[in-house]
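Residue numbers (the UniProt record's numbering), protein chains in the order written: chain A, 1 to 240; chain B, 1 to 342.
Bear in mind the hints are in silico, worked out from the structure with no lab data behind them.
Computed from a predicted model, the values in this text were never measured in an experiment.
Built from N, CA and C at the ideal position, the CB exists for glycine as well.
Everything hinted at is true.
Subject to a maximum C-alpha distance of 30 angstroms in a straight line, what follows is the list of computed DSBU-like cross-link-like pairs (lysine-lysine):
| hint | chain 1 | residue 1 | chain 2 | residue 2 |
| --- | --- | --- | --- | --- |
| 1 | A | K76 | B | K341 |
| 2 | B | K188 | A | K106 |
| 3 | A | K139 | B | K18 |
Simulated restraints, written as ranges between beta carbons of each label pair:
| hint | chain 1 | residue 1 | chain 2 | residue 2 | range |
| --- | --- | --- | --- | --- | --- |
| 4 | A | G40 | B | Y319 | 51 to 59 angstroms |
| 5 | B | F311 | A | A11 | 54 to 62 angstroms |
| 6 | A | D194 | B | I330 | 46 to 54 angstroms |
| 7 | A | E125 | B | A22 | 31 to 39 angstroms |
| 8 | A | V66 | B | A22 | 46 to 54 angstroms |
| 9 | A | S13 | B | A326 | 32 to 40 angstroms |
| 10 | A | S171 | B | I330 | 46 to 54 angstroms |
| 11 | A | S227 | B | I266 | 58 to 66 angstroms |
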Amino acid sequence: MEAVIEVKGMAHSFGDEAVLKDINMEIGRGEIYGLLGPSGAGKTTLVKMIVGIMEADTGEAWVEGVKMPSLEQMRKVGYMAQSDALYSELSARENLEFFASIYGLKSRKRKERIEDVMRVVGLTEHMDKPVRNYSGGMKRRLSLAIALLHEPDVLILDEPTVGIDPVLRQSIWAELYRWKDKGGSIIVTTHVMDEADKCDRLAMLRDGYVIASGTPIELKQQADVDSIEEAFLAYGGARS
Amino acid sequence: MNVQAITVRIIRQFKRDKRSLALMLLAPLLVLTLMWLVLDGDRYEPTLAFVNVPEQMTELFKEQDVTIKKMGPTEAETALEEMKVDALIHLNQSDVNITLEGSDPSTNQAVMGAVQKAMQNAVPAQSMPFNPNFSYLHGSDELGLFDNVGPVLIGFFVFFFVFIIGGVSFLRERTQGTLERILSTPLKRWEIVTGYVSGFGLFTILQTALIAFFAIYALDVWMAGSIWYVLLISILLALTALTLGTLLSAFANNEFQMIQFIPLVIVPQVFFSGLFNLDAVASWIKMIGQIMPLTYGANALRGVMIRGEGFADIQMDVYVLLGFAASFFILNIVALKKHRKL
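Isolated chain A (complex conformation):
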């Protein structure tokens, strides 16, 4: 398997608090990789390091064979932050135009992509509404649309489905599968266990370590349980 994203020996502390202790992982092409763990487990910190907007104390993150941070690789990554980083005074279209213009998308292509991604997240009719008037779920979807905008090879989504209703959640996952089928690699962080089942592979994060990793089926079999939730508790030592 060709590794698109590699994380090697990553450790990081905020002051005295060690958030990541020794993280190693490889994510292949066309793979949806889930980072599962309770809030505060360091999921966001880890993905920020892969994106290149945070530097780890030790360890490295590589994207397609180039060490991050790299401005060239940032072009290949689509990042959706945990908090909706949107300009609330501007309309959805203006937000998208801003990011499109940063990625150098030109007039016709830009218009096309903006309409495409807004259709995917089901916001076409709210295109010219100021983001201030958006609901929480709509903002999440717009953030996802921005991450998809420049057709990146790698998607890094930090809690993408928080505050999104089940129907839309289904449609977002359908889009992620389409993306994966086109050869895209996706990292998704979540603390929702039933979402973890939809990933190709999972890493369970706890106390700064990957306590278990593998496909959802493997994880459940090894722990001899029926659900990811139970598996997580089992690996976390709750059963022992």
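Put chain B on the given structure of chain A with help from the hints.
Using the frame of chain A, we list chain B on its own:
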């Protein structure tokens, strides 16, 4: 391309945030007008104390808009010190001595005007010499107070409002997560700072021009030099304020903390920039002013507006302001390293 993206976005945000735009454009005019009302009010009718003034001369003054009080020498001096009269006219043999109270420039002007008019009437009619000696109890025969502080106020308001609005909007970029978001794109750090400066620069030039034109043409502040130099200096001050504001916003976690920089950064500059006379203070206190951008801006603005100085006289101030703006600009780029190494 990238710079333009930021510039266009900032212009759009400004159009959307009408309140900030209104604050930036109109609040300075309001405050400037209020100060103008306070400092440059209607023509004042002075009260004069006459000591040993002959009847002929008193008649000349009665035609003027003044109140005359005849007093003895001691009584008159006490009245002057207690500000019950504005000036004392004392005839000593053939010498006319006029002592002005002097603490209020507009009052001084009123007294001088009355004396001059009386003089004009006197010279052709009388053969007696009427060549008064002026002296001041306080102050001197400076210009009007607003003429004196107006140039400093123009610089101050430009600095103040650009500092606050620039700082807060960069701060918001950080707190709402968009700074981190755009740092996850291939945008370079210098492009972000340059985009900010050029996006804000546009509104800053508008604001600066409006303040300067309003002060000079509507409020009729003393203007001896070129309006273009006034604009040049104000724009440099605004650039300095913008880059300093965005830089300091890194040390604030919310808008309130940004506002807290006002007493720290803005108010001291008011005291040391020349708004208040610093001739009497110790030289080490005067040195504090040397590290403040407003000192140089105010000095140059005063030079141009009051003394009609040209570029040769103000170039030092211009270079220092350029130096401030350039250093803050670079420090901004360096400060962004905290978020992303590249």
